[in-house]
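*Asks:* Residues per chain are reported as follows:
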Amino acid sequence: MTERTAGRRLPAAWAEVLGELALTAAAVALALLAGAALLALAGYDVRDAYYNLWDGAFGSVYSVADTLVNAMPLLFAGLAVAFAFRGGLFNIGAEGQLYAGALATAVTAAALAEWPSVPLIAAAMLAGALAGGLWGLVPGALKAKTGAHEVITTIMLNYVAILLTTHLVKQYFKAPGPVDQTALIPAHARLPELIAGTRLTWAVVIGVVLVAAVDWLLRRTSFGFDVVLVGSNPGAAVYAGVPVAARTVWTMAVSGAVAGLAGSTMVLGVLYRFIANFSPGYGFTAVAVALVARARPWGVLPAAVLFGALQAGGLTMQLFARIPADLMTAVQGLVILFVAAPGLLYAWRRLPVAAPRAGTAMTMTAETAAEGAAETAAGPDNETARREAGP
Amino acid sequence: MSMFRTLRSTPAVAPAALVLVVALAALLAFAPAAQAQTGRMAIVFATGGLGHQSFNDSAYAGVQAAQARFGVQFDWAEPASVAEYEALLTRFAQRGNYDLIISIGFDQADAVTAVAARFPSQRFAIVDAVAEGDNVASYVYREAERGFLLGAVAGLMTMRASDPKINEANVIGVVGGMDIPLINANIAGYIAGAKYVNPAADVRYSYVGAWDDPARGKELALAQIDQGVDIIWGAAGRSGLGVLQAAQEAGVYAIGADDDQGHLAPGHVLTNGMKYVNNTVLHAVQSVINGEFTPGVIALGVAEGALGFSDSLVPVDIRAAVGQLVTRLIAGELVPPDTIEEVDAWLEANR
Amino acid sequence: MTVSHNDAGRPLPPPAGAAPGPAPTPGGGGADAPPAPAIEMIGIYKRFGPVQASAGAHLRVYPGEIHCLLGENGAGKSTLMKILYGLYAMDAGEIRIRGRTAVIRSPGDAMRAGIGMVHQHFMLVDDFTVAENVIAGMEPRRRGLIDMAAARRLVAEYSRRFGLHVDPGARVEDLSVGQQQRVEILKALIRGAEFLILDEPTAVLTPQEADELFRVMRQLKAEGKTIIFITHKLKETMAVADRVTVLRAGRDAGSMPASQTTPQRLAELMVGRRVLLQVPAPPAQRGPALLQLENVTVKGAGKDLLRSVNLQVRGGEILGIAGVEGNGQLELEEVVAGWRTPDQGRVRIAGRDVAGMGPRRRRRPGCAHIPPGRPRRGPAPALSVEQNVVLGRHWGQPYARLGVLRRPAVRELADAVTSRFDVRGGRGPVGGLSGGNQQKLVVGRELYHNPWVILACQPTRGVDVGAIERIHRELLDMRARGAAVLLISADLDELLALSDRLAVIYEGEIVAEGETGQFTEEMLGLLMAGQRPSGGSGRNAAGRNGTGRDGAGRDGAGPTEATAGD
Amino acid sequence: MSEALEAIFHVNTLTSTLRLATPIALAAMAGTLSERVGVINLALEAKLLAGAFAGAYASYVTGSAWLGVGAAVLAGVLIGALLGLFTLRWRANHVVAGIGLNILALGLTTWLLQVIWGSRGTSPVVPDLPGWSIPGLQAVPLLGPLLSGHSPLVYVMLLAGPLLWVWLFKTPGGLRARMIGEHPEAADTVGIPVRRTQFLLLLAAGALAALGGAQLSLGHLSWFSQNMSAGRGYMALAANVFGRWNPLGSMLAALLFAFTDALQMRVQTLPSPPPTELVQMLPYLLTILVVAGAFRKARPPAALGRHYEPGRSGTE
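Residue numbers (the numbering used here), protein chains in the order written: chain F, 36 to 426; chain E, 8 to 358; chain W, 407 to 972; chain D, 1240 to 1555.
A portion of the hints provided could be inaccurate.
Stated by the list, open to error - The calculated lysine to aspartate or glutamate pairs, modelled on DMTMM-like cross-linking and capped at a C-alpha distance of 20 Å, are:
(1) D/Lys-1409 <-> W/Asp-553
(2) F/Lys-205 <-> E/Glu-348
(3) D/Lys-1409 <-> W/Asp-532
Rather than coming from a laboratory, the hints here were simulated on the basis of the structure.
Predicted, not measured: the structure shown is a model, and the values here were computed from it.
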């Protein structure tokens, strides 16, 4: 993954970004077309369905706001996953970190209720980031100390986080009533509305600022340099004197903190309290968001909006075209699959290429080139062939 | 980041991408006009959607009854998470053409309160929770009453060792979906009811931890049956269906939840804890149709015919005995406890 | 030309008396009046993206000969052989085996055609035993299960017959490199290979192991096998080959019997110009000791990885560490670089104990560390040239302030390093540069800051001749400036060419140390293999733990040779 | 109290363990198979769910639970093929492709549930698998009750562990598979068809995991219920790691997980049980502990998760 090298190489970098955008757009379009096929197969009116999808996602100010509200937890959690990706770590635990952050935020907001609005919100978010960070630090430390794979430990910690927060709420923070939830946070602790009459709050602004901050962290700071280095080439990182184990822990902690903020904004901007079991799996969708974004911080923004739109539009589709939301779930699965498979679109492009004739005069295909690249990367003496870095 | 590195040098794909995007755009080109809608109700179900064979389905039955009786039209939504409630309610409210928007489920209170405040001229009803607002009718149930009746039935039945499905042990059980207040009110009533009619009865209870894992529901039930439980209530959404199957396989009695679930384990469902959400929905719709919509809290229980138990396989004499209790509940002489902690004190007081 | 019993999946009959397959042409030498070629590659083309790796190469191999394929790195030797072995598909060309056109699209096809290949990077599973590695794909069976006893017998028999001496039951990761190589040869033989391709087999061997390999090769030849031997070392070519084909830039630059050529002539064919076989080394001007290791011990599981190592490197000298890989070099590198704290003893830089100083802090006062060229630890392929250049210094002034990178300073550094060290290939991801340029970048990054303690580990491994020359010259420059250089290398030629003094490491111990001129290659080979050189020739050199000895021997380094030297 | 302990350490705790373990164990062994050839298998959840759904549907349509099992296997093979197509041929990141398939399977099965049965929750009751007993064994104390009356798939699971162990470590096919997972180039150079073997094992893994799904809908229960795999695929993945990529180990690890689950179910009914959530946390905490502990010694296949483009010998 090329870091944009300042100034002179910009055009090439942009071409690459545009190319990737095209690829992603194509994958999404392909997934929606496959979804259309499913709809048609089930006898739904595809046009009506997709009109409602569009209308619900972008058809009005309220729709756009709704899309963005849906996108918010995915933006934060997706950013968290993307950050860990860049550090070479698979953080499937954003879900758990988000719960930790949400509970900490709700408790802090209640505890410091007499504080004025701005410091109160800041403190509550800080608490969320800290709690999420701690919850992320655990798998990081386990990986650094024992080598336990973070995919498994983070998945397990998700379950633990959900159960633990539920237990804590019940035991210590429960508001009276039939639901295991904390009391509503005071009005001045809530994130202010951005557009009156919609549910859109300042969370969006915070999200964009955070994207910029993470991008800056990764590209412009020594710490970010370490993270990317460990992620892309641990061998070189060791050599350069980067304390890899410590970076693993910190990368997971930062990732967890960002995921914790996802929980914070849910509490401060949407739910106004912590509710046991509130997340429908934001943390898992976030993995897909980060992937669609190709782990670039700025890519997370449109990717989160895409998934937010699928959700918001999916609701309208369900309400007014009577199409089950599960179909949208399936389409989301398709989006993830198609975006994840770089070879898919190449396979499509390659179709017209004649089958290679036996023995001699092989047609040059993307695949043979990839093979060459793979071989040279494995290190034969053919140094010059390295120039070809895969299709 | 090898997984992303393979994606370089993409321009060759751009044409393919373009074709796909254009194809999709073509699909959207001719959008249908939105139809005008009149005389409608909207309903937002609880998370988990339809098909629990219980709560939401009962509500849906109410919708169907209302359609049949009053000819009203319904739009509905099955949200996947708590966070969606508000968006859905807002969507409905924005359309401005619904006579009533009904929310089902205890966790919609916040959303209804918020949306009701934003759309003061829209009428809302919420079932199973209290929401604030001058335009909201809140229907709540006295859950413990239902548990109390079921406990009484089970407590009497488990002493009937002549029945082949009943053993010597004086133990009954209940499997809850989650350890939450709503379920615990049922369990508290259940224990109180059982011990009220059968002081020596032993009541076991445990929780699945999920509404959608019938396999574990079944194992929890079997674990209780191992301990001598011969009547077991599954108050656990879809997980509760596993409880019915366990009872069927082990040859003991099960108690169904929320709706009549007798068909799932024929010959084994002793009774069902009935929560007539359908009646509640019907009542709410009717109040609007008749122009009698009244905001505020409406508590429903056995007296209002919103809770009860089905006769099913309950022997006549037990039916009669529990019928006595129903009368006393209606009369307000018995007010079962809402939490498990209060049960012992309540029994002491109601000796 | 069918070799019937090498079908993957079916067990082989044990090799009874006669060589399997049709009897090869009796060779003996094969150098004079050659019969019809056994393998012919005609006009082979292969392109990887913009790089033409093979550009119409021809190769003619006669039965029963040891045919040396000579060329620089990047000349297309491996590409050609991978095409022959079915790993790459050629773009154009023809392969004939025993006169008939052969279609080789997979290693399976190659094996069926009687071709076996020993890859430079061994195709062995570390976790498997020798027998498992050898028989995978052609397992002897009994009642559907692998007949492991039969497999071991088979391996033992082949091993005995070809004098390979490997234990079928040993786990591969416990074997020495030389033994692993013999397992690879065994793998090919047992599959009935008549033609054996050895890809740079000596790159990882001690001289003794290489000699052992040559003995095996001659024995194989005596058994009627045909061998294609890839190398870039002239000495080996002259030692073992019957016939030589030189490749340059993807094309054959000449083919002749080894007996009718000279090293000088071959070298010229290889590089296409006259080459200087001797790199002049000025006499060492030694200053004070800048790097000292005192009694350094590193403990591993069950054994010491380094045992009481005492070394000192003075300003203006290069101390070479010779040894077979895996004898503690890695640990030595780690201890000096600061990644690992020794269990005992201390490391001093300029007299100061640097215990507790990590690599990052050691770099600051003027230490440099050139990591092995391969496997590449130095450059991070996914990162840009600029990022690679600042690697290791990206936490401090002037390249970063308060943890924030300063782009202009970094860009300036990149400009300076790439121009001074002649790094070509653009400023994009370093993975897109050739191996030589990558290593030059790493060397440049390390030497640009004029360090006075330099740790250089396998600095030229996997790098082409041009870059080797450049890197050697830079190291000698540093020495002339008064830097202390600790050179760890598995390449004896390199050590002999550059070092003022040599120390031999064996199983974590320094078993000999002395002026370079006091060692002969044979002595070094024996010492590296853990033996005392017989006879008294190692008088000075044999002093164990001989630190502090002021080697006031000859001033000039020994006869220095480039790798192309004889 | 002793009565309570008796309730916990009852033979039925063990029979319950067997039933609970079966889907996890079958999926875990499926994970072992695919990871041994280098493909990370996060799609186990999808395979369980698809298997459970297809099994219930076919049993519903044909009235034969055995045909249901057959359909489940087909569905699992299909998901395995998709995983292979995306990861091997189209070089998708293994973990992400797995997550995508899981989401796809969840959406599709729930949707089809509605399309076919008009319910978003459960299918009707379908014919299920009979309980089997081993003749003569019933009389044996402890072992008799433990091993009697289970669904055939429980026995399949118990047999699969040792059989797959023999296959993987004692047969030519197993050796070749392991070689691919460790060093695909090496396998390629000795003529082992890398792609074909990887694909075949992914299909086999799909079938195996789908049997676990069939156990849920036809063995343990007798209907399909939305998302009835309920995270078991992820537990299976952990079991595979805990079992050190060894089929027998995977099976035993799944049994251990199931045992803690069966145990916590009984702990809940103790006279004064600890807080429910903390008890329910046990299996997950245990997993974390064992993974952290086991990884010290266990080593995953060297080429796990790598994209290898075989020479010309693949299934191209």
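*Asks:* Taking the hints in turn, state whether each one holds.
*Replies:* Against the structure, the hints:
| no. | hint | in the structure |
| --- | --- | --- |
| 1 | D/Lys-1409 <-> W/Asp-553 | holds, 9 Å |
| 2 | F/Lys-205 <-> E/Glu-348 | holds, 14 Å |
| 3 | D/Lys-1409 <-> W/Asp-532 | holds, 18 Å |
Violated hints are absent here; each numbered hint is respected by the structure.
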